Each structure stands twice: as C-alpha cells, then as structure tokens.
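K.L.:
Sequence:
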Amino acid sequence: MKTILTIFISFLLLGENLYANRGAVRENPIDVLERSPENKALTAQRKVQVNMNLPLNRALFFGTHDSYNSSAYRRNPSNQTYTITDQLRLGARYLELEVHWTTGRSGNKELLLCRGSNLNDHNGCYRYDLTFEAGLNEISQWIQKPENQNEVLILYIKDRFEGHVSEFMRTLSSKLGTLLYRHQSRDCLNQSPMVMPKLEDMVKSTNHRIFLTSNNCYSPELSDTWGYYFRKDPFVSFQPSGFRGYPDCNFSRETYHNSLVRVYNDTIARNANDRGGSFTNSNIQSMLACEVNLFGFDQFNANFAKQAVWSWDSATNQPLNREDQEHCARISVNGRWSTHHCDMNLKFACKDRNTGNWIITSNRQGPWRDGSSACLLYPQSPSDIGRYQFAAPATPYENKKLQDALISSGNSQTVWINLTKKDGDNWTPDTTLEGYFSNP
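The sequence shown runs 1 to 440 under the UniProt record's numbering.
Think of the hints as simulated: they come from the structure by calculation, not from any bench. It is possible that some hints are incorrect.
[As the list claims (entries may be wrong)] Computed list of lysine-lysine pairs in DSSO-like fashion (alpha-carbon distance at most 27 Å, straight line):
#1 47 - 175
#2 109 - 47
#3 204 - 47
#4 109 - 145
[Unchecked claim] Okay, the calculated beta carbon distance ranges per label pair:
#5 245 - 124: 27 to 37 Å
#6 278 - 251: 14 to 24 Å
#7 137 - 164: 43 to 53 Å
#8 278 - 222: 34 to 44 Å
#9 25 - 252: 20 to 30 Å
#10 382 - 147: 14 to 24 Å
#11 72 - 25: 16 to 26 Å
#12 273 - 116: 17 to 27 Å
#13 382 - 273: 14 to 24 Å
#14 118 - 355: 43 to 53 Å
#15 117 - 28: 25 to 35 Å
Everything numeric in this text was worked out from a predicted model, so none of it was measured. Every residue gets a Cβ at the ideal spot worked out from N, C-alpha and C, and that includes glycine.
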C-alpha cells in the first residue's frame, strides 16, 4: 500500500510537466523545447543581436497574434493554445494585447483582454476574460527572472478602452513601469528610425526592455505620458497569403532598413479572406531571408519557435565551444555558424562599409585574430584601403547575402566571421579598429 501511495504522489508531482495523449504520458513540449539545441541556438542568437547593439527595428522578434486570446484562458474560438507566460517560454518576444473597458467579473467596468467582434463595441468580450492587470503580471514575472535579463520585448496594444487612458496608464505603470522604454519626446506619431532604441542600450544602460506600440496616439492634452512610451504602428504589415517570396520580398530594401516589417495571420477571422493564409517552414525561411522581423503567429508552438534559428547550427549543438577552447566563430556554405579554435587558418568574411556587400578574402587566410587587418587591407586599389571590415551578419538577410558570397567564391571550407567569445556565453564582434572609420 505504501508503494502504491508513493507512486501516486510521484505522478501528482509530475503532473504539470506531463501531458496525457491517448492514454500515454508525454512531456510538456515547452519543457522539451527549452532543453533543445534549437533553443540553445536561439538564446545565443538573441544575445548576439544585443551585443551588436542592433537597432530594434532591425532585430528579429518572433511572437504571437492576439496573444491573450488563448484556449488556456477558456477562450473559444482562440488564436493561441498557451498562456502568455508559456508563449514567452516558447520564444515569443512580440505580444499583442487588445484592451477593452467593459464589464468584468465584479460587475463593474474594468480593463479586460478580449477580442471584440468590431471596433465600435465590446461584443465578443465576457466577464470572465483575462484582466489587463493579470496579463501584465505574467509579462512582469517572466521578464524579471534572472535568466531573462537580456531579453527585449515589443508589446502592441490595441486600444479599445474608450478613452480611459488614465486607468490604462496607471495599470501599465504599476506593473511594468521601470521596464518600459521611454522616448525623449512624446510625439507618438514619430516613426523615424532615429527614435528606435538599440538593443544593448535597452538591456545594459537603462534596463528599459519593453518597447510599446499601439494602434492609437493620444495628444498631451489627453495624456501627458502616453507619447513618451508609445509609437503608433511603427511597422508595415502583410499576411502570408500575400508574400511574394525571396528575393522579391514585397517591400524595398529601404523599408526593411528603416522600419519594422510585420507578418501575421488570423486563423479565426470570420471572413476567410482576412485569415491571411498559413505559415510554413518554407515561407518562414524566405521571410527571414528578406529580413521580415516582426512575426505574429496564430497557434504558436514549438515547431514555429524553432524556425527562428538563422545563425548558429543547432544540428551540431552550436555554439559548442568544446572544452572551452573554441572561442571564435566561422560560417559554412549552408549559412550556419559554428565555433572553432582561433588559431586555425581560414579565409575571412569582409563587408563593404558603403554598400553592405560581402566578399571572401581570396588571397589571405590565417588565424581569427588576423581578420580585421586582412579585411582592412583588402582593397581593389590603394584608395580602397579601409573599404572592407571584418564582420559578422547582424540579420538573417545579411547572413543570406554572406552565404551567397561564400557559395559564389567557390570556397567549400568554413570562413571566419567577426564573433568571439567574451565573458560567460556572450559572443560579440571585435570592434577595436572601428573607431578609425565611420559608416556613411
């Protein structure tokens, strides 16, 4: 009897990490993902973009469409199957919250997260829906965990709160206030790339790691704080059904350079034409190659999460750093990165400071430490000295262009890129020579 009781209690303790599947017991797929080589690669990939101090509008943010509308909160039909916390654990770094001022469980009006059927009323909202405060609590608790101190989030607020901006801002500030990015000016219509913060600045300088966007903009007369925190729709959007593939990419390269580019679908839209088609592994990879960087997935899951890998080679458990002796990074013809001992003789990846084009040194190879000088002194003519810099791709688009250059060069060997291991698990470029040159 004692043995049976012990077994029963053990199963109870495992309950939150196990799923029932037709009588069989399987592990929670989120727990599996968190231990996977893909998650290791993704964590390192996000850190690299932070260490490069990439502008937020150039960084990659996988995320969820209508994040709050989940069957985990008893919503039916739903856009998601996981809680906001579990979406974050899966790798969502972009969240959408539709906030209504409507009747809650107490019988009084309050801020609820729900999907209204139209813009003019709150049909589709129910008293038991998740409160705005509860949703923010999940975000706050997750982002403040020690293991998430380098993470940056984009939060998109759909305003359906009927002008109750003071109640909204009070709740927002009480839950996330110290974590919110604050702009220098309160012009929420200013979508210039110049107002976009850089990732490392957000993480290390201010710890203001949540960037706020909204479909609305309030004047200082209506809210003296709104404009300091929000930017109105700082992105261009499309849906998977309208994607024309790589290299067409739907938008100009200037648009990709200056703006966030958002793609989303809506699997439960009443009008079939508004559902936007489906994400596939193939079209996601093409979108990444274009540098689409704001993904709003419906029914976000572990498979979608894994598709965000564009850099480190998860197939070989990278970054591997065997015996803590592989402190330099290289790229293969498949576009994936790996670590290697820094004294190995390889060619170098160099980036044109003016055009952004990549070349592989044809007549120079050596240890990783020679990369900066090899690229610096790789001119087509003496006047070109300094034209090229030893570099690593900062985005999937740049990675694709470097991969193309590597293939075109006929080089079948791996090539050094400008990434080296610093403290802990941080991989960062060597910028020693960058002070002598400036980008146009």
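K.L.:
So, for every hint listed, does it hold in this structure?
P.N.:
Evaluation of the provided hints:
Straight-line distance between C-alpha atoms of residue 47 and residue 175 comes to about 25 Å, which keeps the hinted pair within the 27 Å bound. Simply put, residue 109 and residue 47 have alpha-carbon atoms about 42 Å apart, too far for the 27 Å limit, and the pair is violated. With a CA separation close to 12 Å, the supplied pair residue 204 and residue 47 stays within the 27 Å bound. For the hint pairing residue 109 with residue 145, the CA-to-CA distance comes to about 32 Å; that exceeds 27 Å, so the pair is violated.
Against the hinted window of 27 to 37 Å, the Cβ-Cβ separation of residue 245 and residue 124 comes to about 35 Å, which satisfies the hint. Take residue 278 and residue 251: their Cβ atoms lie about 21 Å apart, and the range 14 to 24 Å holds. The hint said 43 to 53 Å for the Cβ distance between residue 137 and residue 164, and at roughly 20 Å that hint is violated. Checked against the hint of 34 to 44 Å, the pair residue 278 and residue 222 passes, with Cβ atoms roughly 40 Å apart.
A C-beta distance of roughly 52 Å is found between residue 25 and residue 252, which places it outside the suggested range of 20 to 30 Å. Distance hint check for residue 382 and residue 147: the Cβ-Cβ separation is about 51 Å, which falls outside the suggested range of 14 to 24 Å. At roughly 20 Å, the beta carbons of residue 72 and residue 25 sit within the given window of 16 to 26 Å. The hinted window of 17 to 27 Å between residue 273 and residue 116 holds, with their beta carbons roughly 20 Å apart.
A beta carbon spacing of about 59 Å between residue 382 and residue 273 contradicts the range 14 to 24 Å that was offered as a hint. Here the CB-CB span from residue 118 to residue 355 is close to 48 Å, well matched to the stated 43 to 53 Å. Under the hint 25 to 35 Å, the C-beta atoms of residue 117 and residue 28, about 33 Å apart, fit the expected range.
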